[in-house]
Structures are given as C-alpha cells and as structure tokens.
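Sequences listed follow chains G and X, in order.
According to this note's numbering, the first sequence is numbered sequentially starting from 78.
According to this note's numbering, the second sequence is numbered sequentially starting from 117.
It should be emphasised that the hints constitute simulated quantities derived from the structure, not laboratory data.
Since the model is a prediction, treat every value here as computed from it, not as a measurement.
C-beta atoms are modelled at their ideal positions from N, C-alpha and C, and glycine is treated no differently.
One should not assume that every hint holds.
What the hints assert, rightly or not - As a list, the in silico DSS-like pairs of lysine-lysine whose alpha-carbon atoms are at most 25 Å apart:
hint, chain 1, residue 1, chain 2, residue 2
1, G, 183, X, 408
2, G, 299, X, 408
3, G, 303, X, 431
4, G, 303, X, 296
5, G, 93, X, 168
6, G, 318, X, 338
7, X, 431, X, 408
8, G, 322, X, 431
9, X, 433, G, 318
10, G, 322, X, 224
11, G, 284, X, 224
12, G, 303, X, 408
13, G, 318, X, 224
14, G, 79, X, 145
As the list claims (entries may be wrong) - Not close to chain G: a few residues of chain X, all C-beta gaps over 12 Å, as computed:
hint, residue
15, 142
16, 157
17, 158
18, 178
19, 181
20, 200
21, 201
22, 286
23, 289
24, 309
25, 325
26, 326
27, 328
28, 329
29, 390
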Amino acid sequence: MKILVCISKTPDTTSKIAFTEGNTKFDENGVQWIINPYDEWYSLVKAIELKEKDPSVIIHLITVGGADTEPIIRKALALGGDEAIRVNNTSNDSMVVAQEIAAIAKEGAYDLILTGKETIDYNSASIGSMLCALLDTSFIPNAIALDMNGNIATIKREIDGGEETCETTLPIILSCQKGMAEQRIPNMRGIMAARTKPLKVVEATIKNANTTIKKFDTPPAKSGVKLVDAGNMDELVRLLKEEAKVI
Amino acid sequence: MVLIYVDQDDQEIKKASFEAISYGAALAKQLGTSAEALLLGNVKDNVAELGKYGASKVHQVNNAALNIFDASVNANLVATAAKSLGASVVVFAHNINGRAVAPAVAVKLNAGIVTGACALPTTDAGFVVTKTVFSGKAFASIQIDTPIKVISINQNSFGIVSGDGTASIQNLEMEVPASKLKVTSVEKIKGEVPLTEASLVVSGGRGLKGPEHWGVLLDLAKALGASTACSRPVSDADWRPHHEHVGQTGIQIAPNLYIAIGISGAIQHLAGVNRSKTIVVINKDAEAPFFKAADYGVIGDAFEVVPTLTAAILKSKAGA
Ligand SMILES: Cc1cc2nc3c(=O)[nH]c(=O)nc-3n(C[C@H](O)[C@H](O)[C@H](O)COP(=O)(O)OP(=O)(O)OC[C@H]3O[C@@H](n4cnc5c(N)ncnc54)[C@H](O)[C@@H]3O)c2cc1C
Ligand SMILES: Nc1ncnc2c1ncn2[C@@H]1O[C@H](COP(=O)(O)O)[C@@H](O)[C@H]1O
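Required output: the full structure, derived from the provided sequences and hints.
What follows is the structure, encoded as structure tokens:
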C-alpha cells in the first residue's frame with residue numbers, strides 16, 4: 078500500500094495574529110511555524126501506525142510551499158514517512174494547492190491519501206474534497222478511525238450529532254481529525270534519520286488562482302466583562318434574559 | 117440564479133440548510149435573480165416549506181440511494197445540476213457534509229470558492245466574500261474572480277430568516293452514479309441537539325476535577341435545554357466523549373450562549389468558541405484569561421455557583 082500524507086505549515090497556535098502591507102498580508106514577523114496539528118497528530122501518525130503493522134507500506138509526504146516549509150517537512154519526516162515531496166508553489170489558494178497535489182498523486186498512484194480536517198490558519202477545509210473531484214476518488218471527510226483489511230477499508234467518520242461507519246475499497250481520500258490516532262513526539266533516532274531521508278523538490282506548474290485576498294481585519298475587542306456576584310445568580314439570569322436576550 | 121444545496125441526514129433536512137437558503141435568498145435578491153434549492157434524495161419533511169426561507173423552487177432528485185451521503189456522488193450531481201440549471205452562485209452550509217461537497221463542486225465548475233463565509237458578499241466592486249480565518253481570530257475579504265462562484269456559509273453566522281413563502285417542487289431526472297461506500301452502522305447521540313446546531317451550550321474544563329463531578333453541569337444544561345461541550349484536556353482524559361471537544365483542534369461553534377465552567381480560556385480553546393454571541397465564564401480564579409473574552413463573569417467555586425444558577429433558571433422558567 079502506498080500512502081500520501083498532505084502536510085501543511087501553519088503559525089503556532091499562540092502566534093499573534095497581525096497583518097502588514099495595508100492589511101493585505103499576514104505578518105510573519107516573529108511567527109513560529111508548526112506542522113498543522115491535524116496533519117501531524119492524526120494523518121501522519123495514522124500512516125505510521127499502518128506501516129508499523131505492515132512494513133511493506135510506503136509513506137510519502139507532500140507539501141506545497143516555498144523553501145521555508147522545509148524545516149516543517151523535515152520535522153514530519155522525523156516522526157515517520159519514507160520520503161517527502163515539496164512542490165515549490167507559494168500560492169495559498171486552495172484550488173492551486175489541490176491541483177499541485179493531484180498532479181503528484183496521479184503520478185504516484187497512491188492507495189490512500191490523508192489530509193487534515195482543515196488548516197488552522199485559513200480554515201478552508203477544502204483540499205480533500207478538491208482532490209476527490211480532481212482524482213475522481215471517493216472522499217470521506219472528518220474521519221476518526223480507519224481499519225485496513227486487505228484492500229477493504231473500514232472508516233468511521235463524524236456526522237452531525239453522531240458517528241457513521243462505512244466500508245469501501247481503495248483508493249480513498251480521507252480528511253483526519255481527533256480519534257484517528259494519538260499524538261506522538263519525535264525521538265532522537267527519528268530526528269537523525271529524517272536528515273538523510275529523500276526530499277524531492279518539484280517545480281510549480283499551476284499559476285492561475287480563482288480568488289484574490291483583498292484584505293484582512295481583526296474583530297473588534299469585547300467591550301469588557303460584566304462581573305456578577307457569585308451570590309446573585311438571579312441577576313445573571315435577568316441579564317441573560319433582558320440584556321443579552323439569549324435565554 | 118443562486119442554487120442552494122440542501123443537506124439531509126436520515127431523511128431529515130438539516131437546520132444548517134435553512135440558514136444556507138436564507139443566505140442564498142438574500143444574495144439572490146442582491147443580485148436581482150432567483151434563489152432555488154437542490155435536494156438530493158427523499159425526506160420526511162414537507163419540501164415545499166423550504167419556500168419559507170426564500171427558495172422559489174426546490175429541484176429534487178428523488179432517488180432513495182441518495183439518502184446515504186457520498187461526497188463524490190453528491191458533488192457530481194450538484195455540479196451537473198448547477199450547469200444545466202444555469203446557476204451563477206452555488207451556496208452550501210459550512211457543516212460537515214457541505215464542507216465535503218462544496219470544494220469538489222468548485223473544481224467541477226471551475227469556480228472560485230470561499231468556504232466558511234460569515235456575511236453576504238459585497239458586489240459593487242468585484243464579488244468579495246468575508247470569511248473567518250485563523251480560527252476566528254481574524255477575517256479575510258476574498259474576491260472571487262470566476263463567472264461561477266461557490267460559497268459555504270459558517271453555521272450561525274447569518275441566521276435563519278423565515279417568512280411565509282412556499283416553493284414549487286421540480287423533479288430533476290438525473291442518472292445517479294453508484295456509490296462505492298457501504299454504510300454499515302450509524303450511531304446517534306440520543307436526545308441532544310448536535311453541538312454545531314445548538315443555540316445554548318454549557319461547557320466544562322479541568323476545573324471540574326473529574327468526570328464524577330459533571331452532574332452540576334449536566335443539571336444546568338438540562339435546566340436550560342442546552343447541549344454540552346468540554347475543553348480538550350477533559351476529552352483527552354476521557355472524562356467526556358471526544359465529540360464534545362471544542363476549540364482550535366476540536367469543533368468550532370457559534371451558539372447564542374456559551375457558558376464556560378472551570379475553563380481557563382487558553383487561546384486554542386477560545387478559537388473554537390469566540391464567535392459565540394454571549395459568553396458567560398464561571399471560574400474561581402479572577403485572573404483566568406477567559407474573563408477577557410467574556411460578556412458576563414462570575415468569580416467563584418463552580419460547585420457552589422452552578423447549582424445556584426441552575427436553581428435561578430428553574431425559578432425564572434417557572435415564574436415566566
Ligand atoms: C496545538 C494546540 C491545540 C490545542 N487545541 C485545543 C482545543 O481545541 N481546545 C481546548 O480546549 N484546548 C486546546 N489546547 C489546550 C489548551 O492550550 C489548554 O491547555 C486547555 O484549553 C486547558 O483546558 P482547561 O481550561 O479545561 O484546563 P486548565 O487550563 O487547567 O483550567 C482549569 C480552570 O479551572 C479553574 N478552576 C479550578 N477549580 C475550579 C472550581 N472549583 N470552580 C471554578 N473554576 C475552577 C481554574 O482557575 C482554571 O482556570 C490546545 C493546545 C495546543 C498546544
Ligand atoms: N500547502 C499545502 N501542502 C500540502 N498539503 C496541504 C497544503 N494546504 C493544505 N493541505 C492539506 O489539506 C488539509 C486541509 O487544508 P485546507 O483545505 O487548506 O484547510 C490540511 O490539513 C493538509 O493536510
């Protein structure tokens with residue numbers, strides 16, 4: 078089985094969110110970059126677990142991004158994976174990213190493609206679904222468990238207010254979230270091994286985006302908390318009813 | 117024409133679809149065109165009632181095979197229907213299924229897409245849609261540069277607008293591709309509104325000390341008719357089920373009321389709840405960061421405050 082794990086780089090969850098160039102660009106100054114948590118904790122670890130069960134499994138990682146994504150992909154390789162591909166395209170338009178991934182995926186004939194549920198910066202939640210259309214392959218979103226039995230995959234996914242289990246044959250595309258696997262920390266051996274794992278750079282082929290970011294804004298600050306005395310819950314109920322009008 | 121995808125589950129139309137139709141209808145009005153809905157499968161609901169939210173027509177592919185959700189099959193049908201009906205904008209709810217179908221439809225229509233929109237587009241200079249980014253910490257205004265556009269709308273960000281229209285139902289004959297997925301079981305959490313659809317949410321954190329102490333929170337939720345949520349460490353420790361985990365790496369919600377009990381208000385937690393209309397924080401530490409993001413705060417011990425709040429709510433309900 079050949080697995081392709083899609084890895085994206087996002088600002089650390091505690092990063093200060095600010096913008097430059099007349100609020101048209103994310104201010105990267107002082108930002109720490111991490112592997113998008115869904116990709117690291119769930120997709121990648123799931124792929125590693127499958128390889129631990131069956132050593133013939135081959136894991137390729139892919140990231141679409143500039144040279145500055147290389148530390149992130151090396152960090153991912155330290156957790157696991159046989160080799161990585163970086164497509165040298167800095168676009169953050171989902172359609173462009175998905176087309177780049179699809180081109181590599183077609184060539185590599187993967188049985189299983191794993192993405193995260195969404196990136197925590199642009200929150201598009203789009204790549205998996207786009208790959209489904211580009212590759213004409215089944216897509217199961219919000220996957221929380223995957224079991225393989227030969228060529229048959231059993232997948233559990235979150236649905237609104239519950240869980241659904243389905244069976245299908247490979248190839249498939251999944252977007253992964255909590256439940257899929259348990260977060261791991263890279264060990265020293267993994268970190269050393271990652272340095273020599275192949276990282277192939279492929280030139281960008283997709284140029285035209287369908288969307289343009291015009292500007293960013295930050296939400297207005299809350300006007301301040303109104304404290305209610307712990308002994309006076311009748312007052313809190315009154316405020317929620319009459320002032321906030323939410324109950 | 118603005119075409120709105122109607123999401124159903126177990127032959128019931130989802131609440132998120134009513135909001136998507138309301139949004140699509142307002143957008144159609146702005147563009148001077150009609151709002152029409154597309155329903156795949158057959159449902160128990162009275163389909164003509166989708167007119168209440170502003171759909172003039174409902175195109176229905178009346179095929180029971182479609183009652184089981186398959187993103188790929190749905191995307192094929194929606195894209196084909198959008199083309200043959202001449203849709204200029206296709207609108208989805210940004211719920212689990214909408215998210216899985218909308219981007220694939222955008223690929224098939226070669227349309228620009230904005231997912232997680234939180235307001236109507238501005239259309240005076242280009243077609244610009246605002247969406248939340250950085251897990252609610254910022255907004256991005258994104259221009260769609262293609263003739264056909266796809267938008268998915270964040271739940272609880274536009275609201276359901278209902279009037280008294282009725283929609284005409286048009287049967288849409290389409291060849292339904294066979295699904296490769298075989299659904300073997302569905303487990304529903306009984307008796308509770310799904311978190312993403314809930315308008316009232318009561319949420320607990322590590323401050324409640326252990327699963328055996330959740331009773332005070334559950335009583336409050338029951339008194340309010342609220343759904344329950346929790347912080348990540350709470351679900352990680354299996355004090356509560358995973359599907360209750362809200363935050364940057366859990367579910368993002370936007371209820372009318374979010375009551376946080378014994379939750380410190382870490383930035384990753386706030387990212388999942390900061391779009392709530394009203395936030396109440398109950399915490400014994402006056403310095404807890406959550407107070408900065410709250411509308412109302414109570415400094416006190418949850419085990420004393422929460423039962424009195426529950427009693428006050430019951431009293432107020434009985435009196436009303
Ligand atoms: C990449 C990343 C992603 C993350 N994603 C998420 C996420 O999606 N969701 C999430 O929730 N967290 C997430 N976290 C974890 C987050 O950083 C916090 O650790 C977590 O939210 C803290 O949970 P808590 O508030 O329940 O616990 P604590 O931080 O331990 O807070 C407990 C609070 O309870 C109060 N308290 C104690 N006793 C009482 C009492 N008797 N009465 C009233 N109050 C009391 C305390 O004063 C304290 O404020 C993430 C972290 C990382 C690094
Ligand atoms: N630039 C990228 N390179 C590789 N994979 C990506 C990239 N952007 C997003 N992905 C993958 O697609 C998932 C969903 O991202 P998004 O659709 O952008 O929210 C992520 O969790 C990644 O697995």
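Consistency of the hints with the structure:
no. : hint          : verdict
1   : G:183 / X:408 : violated (49 Å)
2   : G:299 / X:408 : holds (8 Å)
3   : G:303 / X:431 : holds (23 Å)
4   : G:303 / X:296 : violated (54 Å)
5   : G:93 / X:168  : violated (43 Å)
6   : G:318 / X:338 : holds (17 Å)
7   : X:431 / X:408 : violated (30 Å)
8   : G:322 / X:431 : holds (17 Å)
9   : X:433 / G:318 : holds (11 Å)
10  : G:322 / X:224 : violated (44 Å)
11  : G:284 / X:224 : holds (18 Å)
12  : G:303 / X:408 : holds (10 Å)
13  : G:318 / X:224 : violated (47 Å)
14  : G:79 / X:145  : violated (49 Å)
15  : 142           : holds (21 Å)
16  : 157           : holds (15 Å)
17  : 158           : holds (19 Å)
18  : 178           : holds (23 Å)
19  : 181           : holds (14 Å)
20  : 200           : holds (18 Å)
21  : 201           : holds (19 Å)
22  : 286           : holds (26 Å)
23  : 289           : holds (23 Å)
24  : 309           : violated (8 Å)
25  : 325           : holds (18 Å)
26  : 326           : holds (21 Å)
27  : 328           : holds (23 Å)
28  : 329           : holds (18 Å)
29  : 390           : violated (8 Å)
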